[in-house]
Amino acid sequence: MELTTVWFIAIAMLWTGYFVLEGFDFGVGMLYRVLGRNETERRAAIETIGPVWDGNEVWLIMAGAATFAAFPEWYATLFSGFYLPLFFILVGLIVRGVALEYRGKRDDPVWRSRMDVMIVVGSLLPALLWGVAFGNIVRGVPLDQAHEYVGSFGTLLNPFALLGGLTFIAVFVTHGAIFLALRTTHDLRARANRLATRLGVVAAVLAIAFLLWAQALRGDTASVVIAVAAIVAFAGGLVANVLRREGWAFVGTTLAIGLAVVSLFVALFPEVMPSTVAATSLTAADAASSPYTLKAMTIITAIFLPLVLLYQGWTYWVFRKRVVAA
Amino acid sequence: MDTLDLARWQFAITTVYHFFFVPVTISLVAITAGLQTAWYRTGKEKYLRLTKFYGKLFLINIAMGVVTGLVQEFQFGMNWSDYSRFVGDVFGAPLALEGLLAFFLESTFIGLWIFGWERLPKLVHLGCIWMVVLGTQLSAYFILAANSWMQHPVGFRYNAARGRAELTDLWAVLTNKVVLVTYPHTIFAAFMVGGAFVAGVALWHLLRRPSIDRDVFRSALKIGASVVLVASVGVAISGDLQGKVMTEVQPMKMAAAEALYETEKPASFSVFTVGTLDGSKEIFSIKVPYLLSFLATGHFGGKVQGINSLQDAYEQLYGPGSYKPNIPLTYWTFRLMIGVGMLSAAIAVWLLWTTRRGRAPAHWLIWAVAPLPLLPLIANTFGWIFTETGRQPWLVFGLLPTASGVSPGTTGGEVITSLVGFTALYGALAVVETKLMLRTIRGGLAGTDAPPDTDSDQPDKPLSFAY
Numbered sequence: 001m002e003l004t005t006v007w008f009i010a011i012a013m014l015w016t017g018y019f020v021l022e023g024f025d026f027g028v029g030m031l032y033r034v035l036g037r038n039e040t041e042r043r044a045a046i047e048t049i050g051p052v053w054d055g056n057e058v059w060l061i062m063a064g065a066a067t068f069a070a071f072p073e074w075y076a077t078l079f080s081g082f083y084l085p086l087f088f089i090l091v092g093l094i095v096r097g098v099a100l101e102y103r104g105k106r107d108d109p110v111w112r113s114r115m116d117v118m119i120v121v122g123s124l125l126p127a128l129l130w131g132v133a134f135g136n137i138v139r140g141v142p143l144d145q146a147h148e149y150v151g152s153f154g155t156l157l158n159p160f161a162l163l164g165g166l167t168f169i170a171v172f173v174t175h176g177a178i179f180l181a182l183r184t185t186h187d188l189r190a191r192a193n194r195l196a197t198r199l200g201v202v203a204a205v206l207a208i209a210f211l212l213w214a215q216a217l218r219g220d221t222a223s224v225v226i227a228v229a230a231i232v233a234f235a236g237g238l239v240a241n242v243l244r245r246e247g248w249a250f251v252g253t254t255l256a257i258g259l260a261v262v263s264l265f266v267a268l269f270p271e272v273m274p275s276t277v278a279a280t281s282l283t284a285a286d287a288a289s290s291p292y293t294l295k296a297m298t299i300i301t302a303i304f305l306p307l308v309l310l311y312q313g314w315t316y317w318v319f320r321k322r323v324v325a326a
Numbered sequence: 001m002d003t004l005d006l007a008r009w010q011f012a013i014t015t016v017y018h019f020f021f022v023p024v025t026i027s028l029v030a031i032t033a034g035l036q037t038a039w040y041r042t043g044k045e046k047y048l049r050l051t052k053f054y055g056k057l058f059l060i061n062i063a064m065g066v067v068t069g070l071v072q073e074f075q076f077g078m079n080w081s082d083y084s085r086f087v088g089d090v091f092g093a094p095l096a097l098e099g100l101l102a103f104f105l106e107s108t109f110i111g112l113w114i115f116g117w118e119r120l121p122k123l124v125h126l127g128c129i130w131m132v133v134l135g136t137q138l139s140a141y142f143i144l145a146a147n148s149w150m151q152h153p154v155g156f157r158y159n160a161a162r163g164r165a166e167l168t169d170l171w172a173v174l175t176n177k178v179v180l181v182t183y184p185h186t187i188f189a190a191f192m193v194g195g196a197f198v199a200g201v202a203l204w205h206l207l208r209r210p211s212i213d214r215d216v217f218r219s220a221l222k223i224g225a226s227v228v229l230v231a232s233v234g235v236a237i238s239g240d241l242q243g244k245v246m247t248e249v250q251p252m253k254m255a256a257a258e259a260l261y262e263t264e265k266p267a268s269f270s271v272f273t274v275g276t277l278d279g280s281k282e283i284f285s286i287k288v289p290y291l292l293s294f295l296a297t298g299h300f301g302g303k304v305q306g307i308n309s310l311q312d313a314y315e316q317l318y319g320p321g322s323y324k325p326n327i328p329l330t331y332w333t334f335r336l337m338i339g340v341g342m343l344s345a346a347i348a349v350w351l352l353w354t355t356r357r358g359r360a361p362a363h364w365l366i367w368a369v370a371p372l373p374l375l376p377l378i379a380n381t382f383g384w385i386f387t388e389t390g391r392q393p394w395l396v397f398g399l400l401p402t403a404s405g406v407s408p409g410t411t412g413g414e415v416i417t418s419l420v421g422f423t424a425l426y427g428a429l430a431v432v433e434t435k436l437m438l439r440t441i442r443g444g445l446a447g448t449d450a451p452p453d454t455d456s457d458q459p460d461k462p463l464s465f466a467y
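In order, the protein sequence lines correspond to chains A and B. Numbered per UniProt numbering, the first sequence finishes at 326, counting up by one with no gaps. Numbered per UniProt numbering, the second sequence finishes at 467, counting up by one with no gaps.
Bound-form chain B, shown alone (with noise of 0.2 Å):
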C-alpha cells in the first residue's frame, strides 16, 4: 500500500469510528434536553430521573466524540495538505463557523450543565443544555456543508493561477441543495440511533428487573419507540429528496448505487442481485418494476442513466480514466443502509404494539436489546460508506482527484505510525467506553433520585455528574 492508501484507510477507520459517536450525540442530548423540560413543566420525578440517567450516558459518549472529532480537524492538514490548499479558501470558512458558532457553545455550555445543576437557577440551567442542543445542530449543519460541497462544488471560481478554488459566494455554499437535503436526512438518522439506544436500554431493564422502575422505564421505552418511528418517517422522506438530488449532481453515484450498467427508462429497482461484478451478467436478481425511476426522477417513467454511458460522458469531459466507483461497495452499502433502516424501524413498531396499554413486553424480545440500538447506527454508517466512496474517484466531484489530495511530503513510514496509533488507541477506548457504558446502564436509575449534588461545600460526597 503507498501513502495514498494508507491515508483513505486512515480517513476511513477515524472517521467511521467518530461517526459511532456523533449520531448517538446529537440525539440523545436532544431527548436528554426533552426529558429535562418535561420535568420542568410537569414536576414529575420521572422525568427528572430519566433526563439524569440518560444524560449520563450521553456524557460518556460525547466525550469520545469530542476527542475523536479532534483527529477530523487536523488530518486535512496532516496526510491531505494539497487538498487543503486546493480547497481551504472554500472549505476552510464552514469549518472556521462550525468551531465558532457550534463548539465554543457545545462546549462552554455542557461544562455549566455539568457542574450547574445546584448553582444555577433552574430555568437557566434548563437553558444550558438546550444551547448544547443548538450547538450540536449547527455543528452538523456546517460540517455537512462542507461535505455537501465535495459532492457537488458551488459558489466557487477556479483560479488557475493559485491552482485553487475560491470561494465566490458563501451563501450559496450553505445553501447548497445537496446540504439542504442531506442535512435532514442525517439528523433524522441519528435520531433513529439516539431513541433506538434509549428504547433499547429501557427495555433491558423492563426484561431484567421487571420490578425495579417499572413505570420509569416503561416511559423511556415509548419515548425511544416513537423518537425512532417519527426519525424514520422523516428519513424516508429526506432520503428520497435525496435521492433525486444526487441523480442530478452525481448521476454516476445513483447508477453504481443500483449497478445500472446500462441506461433504462423506465428502471427498476433491483432489492438483491446476484451477478458478475462487472454486470455483464445477471444470475439472480429480485426487481420491483418502476421503483429506481421513481427515486431517481420522481416519475415512475423516468429515464435513469447507466454506468457505461456516464463512463463515456465523463471521459470525453474530463479526459481518460475510470470514474467509477467500487460499484459492489456502493451497491451493497446503498441496500444494507435502507435494509437495516427499515428493520429497525419495523422493530420500534413492534415495540410500541406489545408494550400498549400496560402491557408487558415479551421475554423472548431481549434478542432486540441488544441488536436494536445497533442496527440504525449500523444503517448510518452504511449510509456514509456510499456517500462517500460513491464520490470516488473524486475527491472533489468534477475538480480534485482522491489521488491529487495527498500530502506530497508525507511518508508511507508517517501515515503507517497514525494509522496504526489510532486504530489500537480507538480499539482500546472502544473498551474502555463500551464496559462503562453497560456498567452505567445496569447500574440502572440508582442514585437519580437524590438531588444532584455539585455542590462544593460538601466535596466528600459522591459526585454523580461531575468528575
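Chain A extracted, bound-state conformation (with noise of 0.2 Å):
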C-alpha cells in the first residue's frame, strides 16, 4: 500500500483509539458526580480510571504529532481553522487534568467539590467540542486556494456539527457508565447500568440520526457498511448491559465508537479536509509529507507502537480487579 494511505489509515487508528479510551473517561467524569452518593463511591468511580486516563490522552498528542509529521498541510489546516474550538478543549483537558490528580491531595469537602466541578466541565467541553470538530471535517468548511480556512467561529456551530457534539457526549457518557458497572461493585455498580441502559437509548438516536446524515452528505458503501456495523454493535452492547453481562456491553459500546469514528474516516478518504467552497479540498496527496520521512516514521512506529500496545494493556490486566464501593 502507498505509504500516504498507510498514515491516513494510522491517522484514522489514533483517533479511534482515542475517542475508545478518553471515550469511557470522559464519561467516568461527567458522571461520577452523578452515581456517586458518597465522597466513597465518588473516590470508587474516579479510581476506575485513576491509573488510565493520563496514557488514554497521549491518544490525542499522538494523533496531533502523528498529523503534524505525516500530513503538516492538514495539522497547519485544522489547527488554525478551528482555532477557538481548540482553544476551548484545551482549557477543558487543562482543568481536568490537574483537578484528577488534584482532588484527592487535600481532605476538604470544599476543595473537593470545585475539583468535581473542573472534572466534570473538562471532561464535557472536549466531549462537545470533539463531536462538533469532526462533524466540521466530515461535513467540509470554507477553505481558499491556499486550503486557509476563511470561515467564522459561527460558521463551525452548524446543525450537523451540533449534533455530533451532543453525541458524542451522549455515547461516551453511556460507554463510561457501562465502564463503571464493569469496573466497581454494589449499588454503584447497579446504579450505572441502570443508568446506562436509559442514556444508551438516547445514545442510540442521537448516533443513528448523526451516522445516517454523515453517509448522506459523504458517504461510500463501504462506510455505510462500517456505519450500520457501529450502530449494530451499539444495539448489541445496550442488550448485554441490560442482561448485566458488562464485558460484552463494554465490548459493544468499544466496537460501536470504533467502527463508527472509522465510517467517518472512510467516509473522508480520499480528502482530509473537504471544502464547501467548490475545488479547494484538501487531499491525504496534497497533505503529506515527503516519502522519506513517511517511510522512516513508518519503521520507527512498526517497531515501537507493539510495545506501547503491550504495556498499556498490560496496565488494564494489572488493575483489573473491580474497585470496591462499599
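Mixed in with the good hints, there may be bad ones.
In silico DSSO-like pairs for lysine-lysine, Cα to Cα no more than 30 Å straight-line [claimed, not checked]:
id, chain 1, residue 1, chain 2, residue 2
1, A, Lys295, B, Lys177
2, A, Lys321, B, Lys122
3, B, Lys265, B, Lys177
4, B, Lys324, B, Lys244
5, B, Lys244, B, Lys222
6, B, Lys122, B, Lys177
So these bits of chain B aren't anywhere near chain A, every CB distance computed over 10 Å [unchecked claim]:
id, residue
7, Leu120
8, Ile212
9, Lys222
10, Lys244
11, Ala362
12, Phe397
13, Gly398
Hints in this document: simulated from the structure, not taken from any laboratory. We put the CB at the ideal spot given by N, CA and C, even for glycine.
Assembly of the complex is requested from the two constituent chains, each provided in isolation within its own frame, with the hints serving as guidance.
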C-alpha cells in the first residue's frame, strides 16, 4: 500500500484509539458526581480511571503529532481553522487533568467539590467540541486556494456539527456508565448499569441520526456498511447491558465507537479537509509529507507501537480487579 | 499589537510557564527513583519516607507540566500554521517520536507507580518509576532535537515547488551537534533545580521543626545540595561546549550575548556593562580579558566576530533587513543565567559546609529557603529566553523568518482570546499549585511511615497517593 494511505489509516487509528479510550474516562468524569452518592463511591468511581486516563490522553497527543509529521498541511489547516474550539478543548483538558490529580491531595470537602466541578466541565467540554470538530471535518468547511480556513467560529456551529457534539457526549456518557458498571461493585455498579440503559437509548437515537446524516453528506458503500455495523454493535452492547453482561456491553460500546470513527474516516478519504467551496478540498496526497519522512516514521512506528500496546494492555491487566465501592 | 506580536507573546508566556514545571519534573522523578532504589537496596525506612514525600511533590508538579505541554503541541498549528507547513516534514518527526517513545511511557508507568504500590512486586514497582525517568529523558531529547533543528537546520533539503523543508536524514537531525551539547546542558540545569528543591524543602523542615524527622531531612538536604553541586559542574562544562557550537552555527547570538559590536581578537568578556544600546558608547564596564575568546573558540587569542560585521555578512547572504536580535535582552539574560546559576551552586556548597558532621544549619539560613529552589529555576528561564530571542529574527535559522511563520488566517481577536484565556488560567493554576505544594511541604513526612494504601478492599481509608 502507498505510504500516504498507510498514514491516513494510522491517523484514523489514533483518533479511534483516543475516542474509545478517553471516551470512557470522559464519561466517568461527567457521571461520577451524579452516580456516586457519597465520597467513598465517588472516589471509587474516579479510581476506576485513575491509573489509565493519562495514558489514554496520550493517544490525542499522538494523533496531533502524527498529523503534524505525516500531513503538515492538514495539521496547519485544521488547527488554525478550528482555533476557538481547540482553545476551549485545551482549557477543558487542562482543568480536568489538574483536578483529577489534585482532588485527593487535600482532605477538604470544599476543595473536592471545586475539583469535581472542574472534572465535570473538563470532561464535558472536550467531548462536545470534538464532536463539533469531527462533524465539521466530515461536512466540510470553507477553504481558500491556499487551503486556509476562511469561515468564522459561527460557521463551525452548524446543526450537523452540533448534533455531532451531542452525539459524542451521549455516547461517551453511556460508554463511561458501562465502564463503571464493569469496574465497580454493589450499589454503584447497579446504578451505573441502570443509567447506562437509559442513556444508551438516547445515545442510540442521536448516533443513528448523526451517522446517517454523515453518510448522506459524504458516504460510500464501505462507510455505510461500517456505520451500520457500529449501530448494531451499540445495540448489542445495550442488550448485553440489560442482561447485566457488563464485559460484553463494554465490548459493544468499544466496537461501536471504534467503527463509527472508522466510518467517518472512510467516508472522508481521499480528502482530509473537504471544502464547501468547490475545488479547494485538501486531499491526503496534497497534505502529505515527503516519502522519506513517511518511510522513516513507518519503520519506527512498526517497531514501537506494538510495545506501547503491550504495556498499556498490561496496565489494564494489573488493575483488572473491581474497585469496591461500599 | 498585530497577530504576529500576540502570537509571539503567547508562545513566550505559555512556554516559559511550561518550563517552570519541566526541569522540576525531570530531576525530581530521577531523585525520587534514586531514593526508592536506596530503600529497595538498604531497606532503610527513611528512604521510603523520602520517596513518598518527594514523590508526592513530584506528582503535584508533573500534573501541571503535562497539561501545559498540551498547549505547546496545539499552538504550532493554531498560531503558527505557515511555520507548520514549512517545517512539518522535518520538525514533526521528532515531535511524533516524543509522543510514541516518551509520553506513552511516562503516562502509563506513572499510573502504575501511583496505584501499584501494593499491587506490584517491589522490584517491578521500582522499575515503573525508572521507566518514567527514561520517558522524561527521551522526551527531553526529542524536543531538544526539534528545537536544535530550528537553531541549526541539518538533514534536510529545500523543496522550492512545495515551498517547504523536507527531511533527508533523520539521524542527522537526531545527532545535530547543537542537540548533543544542548541536551546535557538542559538536563544538568534541570538537576540543579530539582536538587535545590529537595535541599530547600529539607532545610525549611530542619530550621522550623528541628526536632521532627531531623535525620531524614538531614539526608535529604545533603542529597539535594550534592545534586546541585554535581549538576552545576555539568552545567558549566556543557555550557562551555555549547558556547563554542553556538559561535560556530549562530555567531550573531554569541555576539549579541556579549553585545560585541566590533570584531575583536582577542575578545574580553564583560561581566557588567552600562552603555548605550547601540554600542556606540561605553560608560562603565568590568571586563575579563581573553575570556570571551576562550568561551567562543576554545583559544585565549581567538577571533570573535562582532554584530556589525555579521549584520553586513547576513545582508549579503539573505538580503536587506536587520539580523540583530534584541541586544540588551540577550546581553542581560546571558549574564543572569550564568550569574544566578553560579550563586545557587555557591549556596549549595555553603549548605554542605555548614551542616558537615552533624552540625545544625544556622538559623539565619532561613532566608535561603525560598530563593534556593527558585534560583536555578530562574537561571533556566533566563537561559531559554536568551537562546530563543537570540535566534531572532529567525524562526528557523537562515531559512524562515519569524514573521513568515504566523497563521495567515488567524485573527487578532482569536489570538487575544487564547492569550488572555491561557494567561488567566495559568495564573489561577499557579495559585492553586503553589498553595497545594506549600501545604504538602508543610505536612512533612506525616503519614509516610504507614504502608502505602491504595488497596481497593479498604476504600474508605484516605489514599496517600491515589485520588
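Original post:
Which numbered hints turn out to be false for this structure?
Top reply: 5, 6, 7
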